[in-house]
Amino acid sequence: MKKTNKIISMTIIGLIFISLSSSSLDSALANKITSENEVPEFEIDTDPDEIDEDKRRESERVVTIENNSNSAQIKSILKYSDQKDDITMDISAINSFFVKGLYKSHTIFNQINLEFQITLYSIIEFVDQNGNEIYEPDIDLEIQEMVLDSWKDISYVNLSAHIFTINTTNDVFLVRIFAVEGYTDVNGTIITPSEIKIDFEFHNFPFMNETSLLALRTKFQSNAVFKLKDETRGEDEGYAENEDSIELESESAVGYFAWAENASADGVEVEVLSSPMKLGALEKFMFLNYPHATDILHDPKIGFVSEISAFYISGFPLVMAFSIIGIVSLILLIKKPKLNKK
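Residue numbering for the sequence shown follows the numbering used here, beginning at 12 and increasing consecutively.
A couple of the hints might just be wrong.
[Stated by the list, open to error] Listed below are the simulated DSS-like cross-link pairs for lysine-lysine, each with C-alpha atoms no more than 30 angstroms apart in a straight line:
{"#": "1", "residue 1": "K240", "residue 2": "K111"}
{"#": "2", "residue 1": "K240", "residue 2": "K95"}
{"#": "3", "residue 1": "K90", "residue 2": "K66"}
{"#": "4", "residue 1": "K230", "residue 2": "K86"}
{"#": "5", "residue 1": "K238", "residue 2": "K295"}
{"#": "6", "residue 1": "K86", "residue 2": "K240"}
{"#": "7", "residue 1": "K295", "residue 2": "K111"}
{"#": "8", "residue 1": "K163", "residue 2": "K66"}
{"#": "9", "residue 1": "K230", "residue 2": "K66"}
{"#": "10", "residue 1": "K163", "residue 2": "K111"}
{"#": "11", "residue 1": "K115", "residue 2": "K95"}
{"#": "12", "residue 1": "K111", "residue 2": "K90"}
{"#": "13", "residue 1": "K66", "residue 2": "K238"}
{"#": "14", "residue 1": "K163", "residue 2": "K230"}
{"#": "15", "residue 1": "K295", "residue 2": "K66"}
{"#": "16", "residue 1": "K295", "residue 2": "K115"}
{"#": "17", "residue 1": "K111", "residue 2": "K230"}
{"#": "18", "residue 1": "K90", "residue 2": "K295"}
{"#": "19", "residue 1": "K230", "residue 2": "K295"}
{"#": "20", "residue 1": "K111", "residue 2": "K95"}
{"#": "21", "residue 1": "K163", "residue 2": "K295"}
{"#": "22", "residue 1": "K230", "residue 2": "K240"}
{"#": "23", "residue 1": "K66", "residue 2": "K95"}
{"#": "24", "residue 1": "K115", "residue 2": "K66"}
{"#": "25", "residue 1": "K86", "residue 2": "K238"}
{"#": "26", "residue 1": "K230", "residue 2": "K115"}
{"#": "27", "residue 1": "K295", "residue 2": "K86"}
{"#": "28", "residue 1": "K163", "residue 2": "K95"}
{"#": "29", "residue 1": "K163", "residue 2": "K90"}
{"#": "30", "residue 1": "K295", "residue 2": "K240"}
{"#": "31", "residue 1": "K66", "residue 2": "K86"}
{"#": "32", "residue 1": "K115", "residue 2": "K238"}
{"#": "33", "residue 1": "K115", "residue 2": "K90"}
I should point out that these hints are in silico values taken from the structure, not numbers from a laboratory.
Please build the complete structure, drawing on both the sequences and the hints.
In structure tokens:
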């Protein structure tokens with residue numbers, strides 16, 4: 012009898028042990044899944060104080076999203092306007108990573124089609140030979156080039172902003188894209204509904220030199236003329252500061268790639284310098300330069316501005332209003348009674 016009780020006791024203990032082990036394993040797996048799919052916390056304010064209500068309402072856009080494993084599309088149209096004002100942002104991470112922006116606007120006065128593409132090619136580790144902290148291929152010593160041609164699947168969430176995250180397969184470089192439907196403050200940066208915010212993140216780059224720097228090689232292609240600007244549209248309107256940009260002008264519209272003049276490197280604010288651009292017929296090459304650090308965060312933007320929209324109030328063109336006023340004034344002038352001369 013004692014032997015039987017002992018066997019039963021051992022069996023019960025074994026079952027309890029197996030149950031606890033299984034629970035622990037399930038918990039570990041659950042934690043692993045949560046960790047791998049964890050969404051970072053963002054400070055998102057959809058009603059920033061810097062933007063007044065009239066401006067917010069006039070600029071609101073209706074956004075639609077298409078997302079696949081290695082590509083995505085962000086399309087938006089003005090919400091409160093009869094004017095055709097369409098923006099499309101195509102994102103691709105099949106080989107190299109690129110964002111292709113297309114702006115279309117059709118009015119009774121004009122038709123605009125502005126297109127440009129930004130491609131991220133590689134990260135270059137280099138030794139700065141002349142101390143200007145800018146990568147110059149003909150002067151500086153290149154240590155290695157990490158080509159950005161292998162990417163994980165694109166992840167997407169909607170948390171008061173449309174957020175896309177794309178990692179390289181080696182987890183060294185990450186791109187995070189934010190799109191919004193109205194003026195929105197994301198982590199202290201105000202995004203307009205006609206642009207996207209793009210965070211560049213570098214993590215644990217495998218440096219081969221203790222004093223080297225990094226350069227992100229980018230290429231710009233467009234059907235418009237490139238201009239390097241010290242003041243950005245956001246700075247002109249008062250909701251951004253310390254930015255540089257490349258602008259592309261075509262008829263009455265402007266496309267732009269803007270970036271903060273400073274980045275965070277291991278928690279310290281550092282200056283981001285751009286190398287002189289190499290010109291081509293309809294393309295330019297540029298390097299954004301970063302310090303030797305384990306973790307780097309930088310946040311550029313891509314967007315469009317239509318000058319035509321400045322001449323519209325709730326879908327009614329001011330030019331037409333002025334024309335009507337002029338015609339009425341002329342009619343009144345013609346019909347004005349003449350004074351009798353004595």
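Hint by hint, work out which the structure violates, then give me just those numbers in ascending order.
As far as the earlier hints go, 8, 9, 15, 18, 28, 29 are violated by this structure, in ascending order.
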